[in-house]
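Engineer: Going down the list, the protein sequences come from chains Z and E. Per the working numbering, the first sequence starts with residue 1, numbered consecutively. Per the working numbering, the second sequence starts with residue 1001, numbered consecutively.
A few of these clues could be false.
Only some residues are given here: those of chain E computed to face chain Z with a beta carbon under 7 Å [unchecked claim]:
#: 1; residue: T1215
#: 2; residue: S1216
#: 3; residue: S1223
#: 4; residue: I1226
#: 5; residue: N1227
#: 6; residue: S1229
#: 7; residue: S1230
#: 8; residue: V1234
#: 9; residue: G1235
#: 10; residue: L1236
#: 11; residue: K1295
Source of the hints: derived by calculation from the structure; they are not laboratory data. Beta carbons: idealized from backbone N, C-alpha and C, even for Gly.
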Amino acid sequence: MDIAKHEQNSPGCIGEQCSGSGTTSPGCMGEQCSGSGTTSPSLTMTGIGKSFPGVRALNNVDFKLRRGEIHALMGENGAGKSTLVKVLTGVYPMDEGSVRLDGNPVAIHSTQDAQKHGISTVYQEVNLCWNLTVAENLFLGREPRTMGFIDWGKMNRKAAGLLQELKISADPTAQLDSYSIAIQQMIAIARAVNTECKFLILDEPTSSLDADEVKKLFTLMSQLKDNGVGIIFITHFLEQAYEICDRITVLRNGELVGEYEVENLPRLELVTKMMGKEIENLSDLNVDKDESRFEGEVPVMEARDLSSGASKVAPFDLKMYKGEVVSFSGLLGSGRSELVRAIYGADKAVQGQLFIKGKRARIKKPLDAMKQGMAYLPEDRKAEGIFADLSVRENIIIALQAKHGLLKRLTRKEMEKYADEYIKLLNIKTANIETPIKSLSGGNQQKVILARWLLTNPEFMILDEPTRGIDVGTKTEIQKLILKLAGEGKSVAFISSEMDEMLRTCSRMVVMRDRCKVGELTQAELNQSTIMRTIAGREDGNE
Amino acid sequence: MSNFSNGNKAIKPALKIIAKSLLSSRLTFSLAVLLVVVVQNIITTPTFFNISITNGLISGYIPDILDEASLLVIVTLGMTLVIAATGGVDISVGPVMAIAAGFCGLLLNGAEYRTEVFHSPYILALFVGLLGGALCGVFNGFLVSGLKIQPMIATLILFTAGRSISKQITHGQTIYVMNPVFKWLGVQIPGVPIRTTIIVSTIILILVVLLTKLTSLGLYVQSVGINGSSSRLVGLNSRAIKFMAFVICGILAGAAGLVGSSSLGSVNSGELGWGIEMDAILAVALGGNMLGGGKFSIAGSVIGAYTIQAITTTLYAMNVRADQLSVFKAFIIIVIIVASSDVFKGKIKRLSLKVFSKNVSVGG
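Using the sequences and the hints given, assemble the complete structure.
Structural biologist: Set out below in structure tokens:
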């Protein structure tokens, strides 16, 4: 059904492009029109499968990209978006499936092959040389030459022409890093487009741009689209996908969920397709979740209008009470982590106030937050949590020792006592307390970091993805621990990508979307449709 | 009888643990190198271990090594902390020695370049010398932790300018301090049969060990060196810790400058501590410390420093001429560095595993 519909549509599409545009460059148009026998979609991936040791990353995935369309590739963490793109660009060899260009099968074994077929990629981090000029970056490796020498004049003229054509306001002779990330990204796109590009992959290009810069980037994308370039746009911002894209393909857990026309896919449906979780029955909860019990109480932590800058998290208000578990949901990149980091001082707050037990607290750095009784388990365990070469003992006592200061050193005996105590309490599996933490499994490393913070006896704990990448048994242990801590009167801010895990433990849920706090759901509202609707935002049905 | 067998049972695992920790310890390698040097001397230079008393001083090859290595030991202690905390090196230690000695000489001699009279109290001059070293450390530390300049580039400034600054302090002359008290610090205190350099370097070593073990400095330095972002999130101030490492390194370089000038009886801005920065870095590396920062072992660094000096002294004892010395030294260092590289170690490990698995399969 679906396929048939596309094929009906497609000749019309091409015709429309050819006739309706005086702006497109003649070369592109000619190419499109002359290849008249071809039926769009012009790039087809069929039955793609890819396995890594122990993981099935892609399973029988189909993907179609037409010329002159912008196609969003969406999905949560581990959905297989980047694997699919890497298969397409020859970074990974595929196990099964085939790729066809204009109906002809092609073999792509390397990134050079991909380039040869006109497939270019621009990554989130700009892959250019900051210390060269704009023109040098545009023509690096294929400089125009006369008699074997680089013709600088010609290069700069050609660069200026290209930039003008794409309406990028940059001076070809200026050094690249004199421009903002957004412009650099556009220059990277210009470079990609200049190499006979028919298909362009943009891998999360907007994640470090502000609203104005995004707008500029979108203008460039529409222009390329008009020139007949097919664009794959990977993003986790719903609004952006709806603003610029023609079609959306959703992946989940390495499987294709479906391909949709943007107009026919309401936001709520998209979110449900991305997250896919049928939310379980909540009646098995053994938590006291009656929030009326907090009435009249002074919150343990209250944030008023707090923000750590526009590109991180927009100003928000939040109250947390003693013995309460509050969870934070939202899609990847929605600003959950940034919100809690602003509270803890991991990202410096640029505006707003924070009150601890009703008293104004000035938190400039994490140590200030620790002294106010906070603890923070960061999302990225390897980069921000563990000290790989230090022993389990040192990893456990480091936060307490930092709180004590340089001169009041814990005695060896105290350290050993604490380490032994928490190894037993959290059931940490390690050869002994002097084993380097790097030789422990992920779950046990996470427990060591939990131990580190429990040892500081915090009143307010922030746990950002404490269960990510660890085994199921440990996950359950950590969930139980969270409930136990709340029972002991600690407040816990809990972030997880797994909805049911949060629902099992929390009494309130904060919902984030596009770096804003967009809602707070009470116990009564914690059901699938409400949560999904809040995450998805504006209801399309009413438009 | 049963007692004995129990004891035997207890000893075996203990031996195993010792063997295992010997194999994995960072110290093992530097100790092995030192051992090779010693064995080599037993064979080639029988007089190497002779100790006699001449002019009221214990002398011989070994006391000489301890004496001559003392400046390197002091400087290496500071270098160890800087490398561990920042993953970079302080190449200004030699010139900082000259600056500290310059301040000291200026205070002692006043405007004269050769005098027997102290113009200021000796203690005050030593204190000002150390203060000079500390100020250099503050400068380096500010560049690195305040302005986030790479340590090697930041310390390149004093490396280049330090000796010239020292010359400005001493008015461009070599200052000769003729008062015999001046030599107490670097040669001998009357009536004490051990060279003062050995005593001073030992005292400084003990002080640094106490500083890193009694306070949390050792743990903080390692944490910051291993993972800066984790350190910040557990409440450590990594900038302050890096700064502190540079200040300590400056003070220690200053102390080495004072001892060194006292040994010579003069302050020579151009010569004092010439080339010591590279030896100190080498000593840290020989000690099994990672030059990328993180975990460090003071014992390793000190053994490394003594090993370098032992090699030099051994070569002299073997009648290697001074002009050939650096070639020999370079050759030995190449061997040591290759043998301690991870690639080489990995090859040896795989080889031994092969041999071991053969034995097992034969046994099975």
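Engineer: Are the hints correct? Go through all of them and say.
Structural biologist: Hint-by-hint comparison with the structure:
1. T1215: The hint holds - E:T1215 has a Cβ within 7 Å of chain Z, the shortest such distance being about 5 Å.
2. S1216: This hint holds: E:S1216 lies near chain Z, its Cβ roughly 5 Å from the closest one there, short of 7 Å.
3. S1223: It holds, given that the least Cβ distance between E:S1223 and chain Z is near 5 Å, below 7 Å.
4. I1226: Status holds, d = 5 Å.
5. N1227: holds (5 Å)
6. S1229: At 5 Å from the nearest chain Z Cβ, E:S1229 passes the 7 Å test, so the hint holds.
7. S1230: At about 5 Å, which falls below the 7 Å cut-off, the nearest Cβ of chain Z leaves the hint on E:S1230 intact, so it holds.
8. V1234: Check passed: Cβ of E:V1234 comes within 4 Å of chain Z, closer than 7 Å.
9. G1235: Because about 4 Å separates E:G1235 from the closest Cβ in chain Z, which is inside the 7 Å limit, the hint holds.
10. L1236: holds (5 Å)
11. K1295: holds (5 Å)
Violated hints: none; the structure is consistent with every hint.
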